[in-house]
Amino acid sequence: MTGLRQYVAEFVRDTEGADRATALGAQFDAGLAWVHHPEGAGGLGLGPDRQAEVDAVLSAAGRLESWERNPMGIGMVAPALMAHGTPAQRELLRPIFTAEHIWCQLFSEPGAGSDIAGLATRAVRDGEGWVVDGQKTWTSLAHAARFGLALTRTDPGAPKHAGLTAFLIDMHAPGVQVRPLRDLTGGAHFNEVFLDGVRVGDDARIGGVGEGWAVATTMLASERAVIGASVGERGSGAIALAVETWRRTGSDPGRRAELTRLWVDAEVLRLAALRDQETRAEGGPGPGGSGLKLRRALLEQRIARFALELLGPAGLVYDADAVRANGPAEGDPVWTWLQSQAYTIAGGTSDVMRTIIGERVLGLPKEPGLPRDTPWSQIPR
Numbered sequence: 033m034t035g036l037r038q039y040v041a042e043f044v045r046d047t048e049g050a051d052r053a054t055a056l057g058a059q060f061d062a063g064l065a066w067v068h069h070p071e072g073a074g075g076l077g078l079g080p081d082r083q084a085e086v087d088a089v090l091s092a093a094g095r096l097e098s099w100e101r102n103p104m105g106i107g108m109v110a111p112a113l114m115a116h117g118t119p120a121q122r123e124l125l126r127p128i129f130t131a132e133h134i135w136c137q138l139f140s141e142p143g144a145g146s147d148i149a150g151l152a153t154r155a156v157r158d159g160e161g162w163v164v165d166g167q168k169t170w171t172s173l174a175h176a177a178r179f180g181l182a183l184t185r186t187d188p189g190a191p192k193h194a195g196l197t198a199f200l201i202d203m204h205a206p207g208v209q210v211r212p213l214r215d216l217t218g219g220a221h222f223n224e225v226f227l228d229g230v231r232v233g234d235d236a237r238i239g240g241v242g243e244g245w246a247v248a249t250t251m252l253a254s255e256r257a258v259i260g261a262s263v264g265e266r267g268s269g270a271i272a273l274a275v276e277t278w279r280r281t282g283s284d285p286g287r288r289a290e291l292t293r294l295w296v297d298a299e300v301l302r303l304a305a306l307r308d309q310e311t312r313a314e315g316g317p318g319p320g321g322s323g324l325k326l327r328r329a330l331l332e333q334r335i336a337r338f339a340l341e342l343l344g345p346a347g348l349v350y351d352a353d354a355v356r357a358n359g360p361a362e363g364d365p366v367w368t369w370l371q372s373q374a375y376t377i378a379g380g381t382s383d384v385m386r387t388i389i390g391e392r393v394l395g396l397p398k399e400p401g402l403p404r405d406t407p408w409s410q411i412p413r
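Here our numbering is used: the first residue of the sequence shown is 33, the next is one more, and so on.
Just so you know, these hints were derived from the structure itself, not from any lab.
Here a beta-carbon is modelled for each residue, glycine too, at the ideal position from N, C-alpha and C.
Take these hints with a grain of salt, some might be off.
[As the list claims (entries may be wrong)] Across the chosen pairs, the derived CB separations fall in these ranges:
#, residue 1, residue 2, range
1, Asp-405, Ala-88, 44 to 52 angstroms
2, Asp-147, Val-300, 31 to 39 angstroms
3, Glu-290, Arg-231, 52 to 60 angstroms
4, Leu-396, Pro-188, 28 to 36 angstroms
5, Gly-189, Glu-290, 53 to 61 angstroms
Whole structure, please, built from the sequences with the hints as guidance.
If you want it as structure tokens, here you go:
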């Protein structure tokens with residue numbers, strides 16, 4: 033398509049003054065949500081590299097919306113629906129993009145965190161549909177979600193990766209119970225979700241029976257790419273808070289060199305993320321996203337610790353009750369440090385990221401363990 037920038041500029045003019053939800057819906061209908069999607073699915077059938085042109089025009093007009101308005105839906109579920117969903121299921125893409133429907137990811141379990149494929153939540157055939165029973169944990173936004181995408185075990189006698197099936201779950205359905213999990217900050221971004229006899233139709237199945245791992249890998253690769261390759265302006269994000277804290281607490285000259293090293297590391301990571309964006313535009317997310325995710329998690333923990341240490345004794349003071357009552361205390365170095373402790377766990381632990389890099393990027397031998405064809409039912413739990 034020629035004249036893409038002009039097309040986007042015309043869209044911006046035509047939707048000037050529209051409220052946020054209306055403008056996002058119009059953006060989807062115009063094919064400017066994900067230009068690499070087919071027409072009618074939020075795209076124009078163009079190469080994924082053309083999205084940068086769209087975003088540049090929208091950003092200049094102050095109309096570029098963050099994916100964080102619906103992080104699980106936009107960052108994980110949408111790619112899975114495009115890759116594995118039916119035409120009817122892809123109709124969910126529009127309310128995902130507009131954030132009319134918030135989504136959550138029902139993967140991790142008390143006994144299956146880093147090893148997602150070892151999960152035990154069961155989905156059993158019941159007539160024309162399925163009955164789902166189990167427990168999920170560390171589920172971000174489950175308390176606000178309208179739908180979730182759940183990975184379940186449908187064949188305990190198959191190897192653990194082969195016996196999985198993915199389903200769309202109505203989070204308001206009978207048998208779905210969401211309980212908040214308080215974290216170090218005092219907030220409850222995470223939840224545990226209990227699925228007790230939840231009935232779903234076969235039309236809620238994403239992909240084929242036993243093909244849930246393919247759906248999961250699509251989602252996880254997209255999640256890590258989004259986390260790792262999220263790119264802000266130079267000097268923005270965690271490092272901006274560290275610089276501001278350094279200035280506000282007296283600009284300790286003894287720590288200037290340390291702050292400079294952190295700033296340089298943050299800029300190197302930002303440039304690497306920009307390069308990864310270009311690579312992904314050509315071929316989609318790959319294992320390289322795990323490297324960026326790992327580096328970002330570790331660096332942001334270092335930056336958060338630096339900012340906390342600048343506070344001295346004041347860094348020991350924290351009002352968790354205020355966070356419980358009012359929500360996240362973003363901009364508070366103490367809250368930021370507490371929150372950063374989850375970064376090397378959420379979205380895949382750092383050890384898992386290192387394993388992916390070692391096996392899929394460096395070509396190292398696989399980690400020792402049971403043969404891959406071992407039936408799940410015979411794996412010690």
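Going through the numbered hints above, which ones does this structure break? Give me the numbers in ascending order. When the structure is compared with the hints, none of them turns out to be violated.
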